[in-house]
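Participant: Take a look at the letters that make up each chain.
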Amino acid sequence: MAFTFAAFCYMLSLVLCAALIFFAIWHIIAFDELRTDFKSPIDQCNPLVLPEYSIHSLFCIMFLCAQEWLTLGLNVPLLFYHFWRYFRCPADSSELAYDPPAVMNADTLSYCQKEAWCKLAFYLLSFFYYLYW
Amino acid sequence: MSAPAGLPPRPAGAAAAVYPGGPGASREAAAPQSGAPRYQNGPVQSRMQFPSGYGSHLPNYSVPSGHYSQVPSKAAASHLDNQYRASYYPTYYSAPAQNVMTPSVGTNVLNTQESQQLYNKTPAHTVGSAEGPIQGAISSASYLRTSAQQSYSAFGNHYSTPVSSSVASQGFPLNSDHYTMPVVSSAMYPNVSYPPVAAGSVYGQAFTSQTLPAVGQFKETNTFSSQSTSVPHSLQQHVPVGYNTTLTTISSAQSIQDNLCRNLTGSVAKVNNQINTDLASGSCVATLTSTFLLTGADASFGSLQDIMCRSRGGIDSSQPVHSVSQSVLFTKPGAGTSASSAVISSVRTPAPSLSSQPQSSPSVTQSSELALQEGMQYGGYVNNQASSAPAPLSSSSDDEEEDEEDEEAAIDSSSTTSSASPVLNNYDALEGGGYPETRSVTSSPVPAPSVPQTSKASKPFGYGYPTLQPGYQNAAPPAPVQPNNPGHHPGFQHYPQQYPGVNQLSSSLGGLSLQHSQQPESLRPVNLTQDRNILPVSSVPAPVPNLNSDLRKLNCSPDSFRCTLTNIPQTQALLNKAKLPLGLLLHPFRDLTQLPVITSSTIVRCRSCRTYINPFVSFIDQRRWKCNLCYRVNDVPEEFMYNPLTRSYGEPHKRPEVQNSTVEFIASSDYMLRPPQPAVYLFVLDVSHNAVEAGYLTIVCQSLLENLDKLPGDSRTRIGFITFDSTVQFYNLQEGLSQPQMLIVSDIDEIFLPTPDSLLVNLHESKELIKDLLNALPNMFTNTRETHSALGPALQAAFKLMSPTGGRISVFQTQLPSLGAGLLHSREDPNQRSSTKVVQHLGPATDFYKKLALDCSGQQTAVDLFLLSSQYSDLASLACMSKYSAGCIYYYPSFHRSHNPAQAEKLQKDLKRYLTRKIGFEAVMRIRCTKGLSIHTFHGNFFVRSTDLLSLANVNPDAGFAVQMSIEESLTDTSLVCFQTALLYTSSKGERRIRVHTLCLPVVSSLADVYAGADVQAVVCLLANMAVDRSVSSSLSDARDALVNAVVDSLAAYMSTASNLQQSMLIAPNSLKLFPLYILALLKQKAFRTGTSTRLDDRVYAMCQMKSQPLVHLMKMIHPNLYRIDKLIDESTIHVNDRVVPQPPLQKLSAEKLTREGAFLMDCGSIFYIWIGKNCSNNFIKDVLGYPNYASVPQKMTQLPEVDALSSERTRSFISWLRDSRPLSPVLQVIKDENPAKTDFFQHLIEDRTEAAFSYYEFLLNIQQQICK
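First to last, the sequence lines map onto chains L and G.
So for the first sequence, this note's numbering puts the first residue at 33; every next one is plus one.
So for the second sequence, this note's numbering puts the first residue at 3; every next one is plus one.
Source of the hints: derived by calculation from the structure; they are not laboratory data.
A couple of the hints might just be wrong.
To be verified - Between beta-carbon pairs, the in silico distance windows are:
1. G:S828 x L:L163: 51 to 61 Å
2. L:T140 x G:L1263: 36 to 46 Å
3. L:L46 x G:R829: 43 to 53 Å
4. L:F119 x G:S936: 47 to 57 Å
5. G:Q1267 x L:S89: 23 to 33 Å
6. L:I93 x G:S828: 39 to 49 Å
7. L:T68 x G:S1039: 35 to 45 Å
8. G:D1040 x L:F37: 46 to 56 Å
9. L:L163 x G:T573: 40 to 50 Å
10. L:P109 x G:D672: 47 to 57 Å
The beta carbon of each residue, even a glycine, is placed where N, CA and C say it ideally should be.
Can you build the whole structure from these sequences, using the hints too?
Facilitator: Structure follows, in structure tokens:
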């Protein structure tokens, strides 16, 4: 296949996807540490959330531009999920998603952990998808 | 094996006890008669010797009763002379803050060191101040000793079975000397019929020879000890007739022990008193028996001790063992497969045996017969319900069985003399996993129709129960029994339900347990729609966990630690079925009058889960203990082997840590991340026009001036002030200045500290300056025109100021912050106040305050908010600053110093308490629980640092916490679960301390038992907390629905378990009969009500209180107590400190109870309302209120005059008694009919219908409808 814009998109997303995988793993470790009492919720990995969301949005925009509808379709659910998380946050909060006082709630914590694992799986799958495309 | 097996079964005859050549009998029991006195003296001797021991070991173990004597502070600046007393001149304000340079801090530092040294020397002071506690310690020590012995015997039994048998054999003969025949007679089978009565009668009769009720507890013992398959029967006898002790199994040994531990712990003296009052005739019997038993027990105990010596070898036998057996009981573990039949057998014998007894003293017989009669009467009563004839049930086979029992039974009983109380000694029984087959009573009955089952399973053996019918079985379910039915018989006046005091007494007496009776009673179905009087006469007691008596005695006080389910369900599935929340209600830093404080270099903790050693661990042997939370076996450190209390070595289980479920450790430097911080207080005061107008400054400054010396702290205590309007003003109070300097920072966008070193000053060095400032402050801003409030910047400045040390920031705010960071806008729409639909803005508008709080929390600083506001101030946002920094929130709506004297007085009182109460700094609280349970959610003001760790920058005695739990793994392999909270804090004296509470609860497997153990108050408080969360995260109507559903679901689940109930009625177990009422009260609370006009701030404040108040306060807030006070009578009074305190009964919260002729007192926790009816007698108004008639009573009356009249005296003593029971002194408000405050009063009448809400009856019907759906 020729080196089209689409190809470029996939190559770029492959690299970025590696970064996302890294983020996801980082989250998993962070929540595990939270659970096992190795660190305080205040130090939770909130700064990584926004980059993750923006990188993923970047994918989607690129695939939109490249008119890769199937790939875009696969990514859209997660995109909407990210939007939902983002806008559900408290008014002027720069801390996304993980509210330090609330994150230790057993429900929230297990939800966050599950979310991180799911994302890891999704990113891994999409990594190979991009790779073998 | 069974050395003395061949004892004559009924050694009637002379008092000369036969001492069979049992092991070691010769040593202790030289002369039987003299033996008794000797042992009796035992405790006394030990008591004598303890004081000295105590004294010499003071440094190691001291029991200060929670009060620290003031550390002498040399460092206090006494040299601040009058020369500095220059008045405060506003002209001295220096506007550009930077210019002001402050003197160096050197002196300050010096002083601190000095004072620290001083402080270090002080520890001994506790000694002097702890006289009372010492006494307590001594007495407890004496019982420790016995208990330890017993426990050793337990070990002994454990190791060598023959021992146990010998014990039994020896014990009995002695007893039988006095009572020839009794065994049989007393070997009554438990007549469970009406359990509460049984429990109540414990007092009346237990200690007479009849001892009918006492049996109840033993029953449970048996279940514990015996295999699950067999229902054990314990025969209670005063004079056990001889029998062969052939028992070889461990279980028998165990049962002995259980009996031991279960034995009547309580003081004989007390009991005797009771008896005297109750059964005049029975009293002599009681005394007689007790002495007899003394001897008997001595002998038996001697043998026990011998056993111990033999089996263990290591025991110091020279220590006298003291035990008085009040009733020797004997247990037959599981011999009879048919429990009920065995029961009856004994019935026949008693009467003859009694009559054949007269040789000892005729009076005894008589009285015992009397008592017997009573017992029979009672039996008759029971049978009326049961409608079955008693006598015919005996059969010959039963007799055979009885013989078997005699042979097999292991016997022993012991209880200490009056002052001492036995302690649980069977550690194996305590511990969960030790005996896999061990089952508690609760688990034995089959689930569904649990009432009858239970009663069958746990039949108490009573003396005068020829009838012995499990009468309750048939009688109970349908007939709603009046809960407060005073005495069916004169002899049973002490009906536990009726007199919770007695109830408590019984629980404290340990041996006289409720557990037996509790079960059917708490499960007794109550038809809610028909039973209108469900309120108890006085306050609702906390349910007592269904544990054996010794565990229960050791257990943590329900005031500090309560669980919503005192019977923990075995699995999450069972919990889900019960539809009740599982959680803990904590009040960990409560003011305690007595608290063992332990100083030791090593604090013994489990190596894997770090649990502190507690009364519920099991000692495997002397060198090892098994953690009761994670079951790891740990070593006992060398130091722990030595008991400073008794100065004895090798008794780790007598250490105070193991004898008290609430202890405080003085922690070593291992528990510090940094040197303990000094007490630092910073006051941030709003001085805008609004604030000056309200006039709160005067009150605050005045209170501070008055309490400046009482602020908790040592010589390092520091204090500072910040005021703010549109600018932020700092006050330089550095020692050496002639007067306070005000430094104004107007750059509120980038706030900075003008002179960081001199703003927080040592309280003692700069006291004069501080006083000057406090005197001047109220008048400094009188003419201010500044209406803006820059709260955010002021808080940022405060945070900067506090961050090096940590401490407490007290913020006084009177309006919506309108400048700088954290400014807020009005979000309340007044038209929506009474909306029934959506209530918005319950959450914060900005994250600023939350973030600030988290920063503060990280720097060990708590922010306490006093909001004194007349209009909307967005408490929902402001409260965040306290919520996440472990502060507390006070709200005074429409505060005005002169226009609203009630609020002003409340502020004054709150401040007094606030400033002087204990405080703990840089605290963390960890909650541990038995493996399998996990913490789900926390409620309260704190920051959650980890799954089980709360970070509390400050902890105060009025803070309560709630914890939701979930069951992650099935608890089938354990019979007990424990919860432990450890609160590590720095005291205001700079000591690092750990306060540990441990709560132990049984595990049950049936749904009925779960309901039986439900603690309705705790459930309601936990639900309230959950509802607050729900209304913030979701919506108010969601939360309200959830509350209603909680009732509907749990009652529906209960009714489905009890299939024999009629579905058309609304039935609740007795333990939950108040559930709908409380939920309705909750729905009508300001926090959750809809339809009634409620200001947003009021609502939010009520929610904050629900989250942070301890259970006792919260319950008063939810469901106030209403008393009628115009006819206080002398009956049912109690005496407190030589005062007669009348105890009027609780009234329903309904207008139907209010009569125009009466006067009523409503106790809402933080406020007392006195409502005066229009036609209230002039005598009352004159005597109590001090006005000639109704019309002349003023509208705003907040105090009762001291009139020299009986009714006035009674009323005042009652009110002050209510006040004394809580830390916060409530405000009193007298309300007349035309008073505008009337609505405040009437809104609390929650059983009545309002335009927007159901009445109680309607609510019940509504619930019923939903259940049937």
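Participant: Indicate, hint by hint, whether the structure satisfies it.
Facilitator: Hint check:
G:S828 and L:L163 have their C-beta atoms about 56 Å apart, which keeps the hinted 51 to 61 Å range intact. Taken as a hint, the range 36 to 46 Å holds for the pair L:T140 and G:L1263, whose Cβ atoms sit roughly 38 Å apart. Under the hint 43 to 53 Å, the C-beta atoms of L:L46 and G:R829, about 48 Å apart, fit the expected range. Under the hint 47 to 57 Å, the C-beta atoms of L:F119 and G:S936, about 32 Å apart, miss the expected range.
Look at G:Q1267 against L:S89: about 51 Å separates their beta carbons, and that is not inside 23 to 33 Å. At about 40 Å, the beta-carbon gap between L:I93 and G:S828 stays in the expected band of 39 to 49 Å. Between L:T68 and G:S1039 the CB atoms are about 39 Å apart, so this pair conforms to the stated range of 35 to 45 Å. Between G:D1040 and L:F37 the beta carbons are some 49 Å apart, a value that agrees with the proposed interval 46 to 56 Å.
Taken as a hint, the range 40 to 50 Å holds for the pair L:L163 and G:T573, whose Cβ atoms sit roughly 46 Å apart. In this structure the supplied range 47 to 57 Å holds for L:P109 paired with G:D672, their Cβ-Cβ distance being about 51 Å.
Against the hints set out earlier in the document, violations occur for numbers 4, 5.
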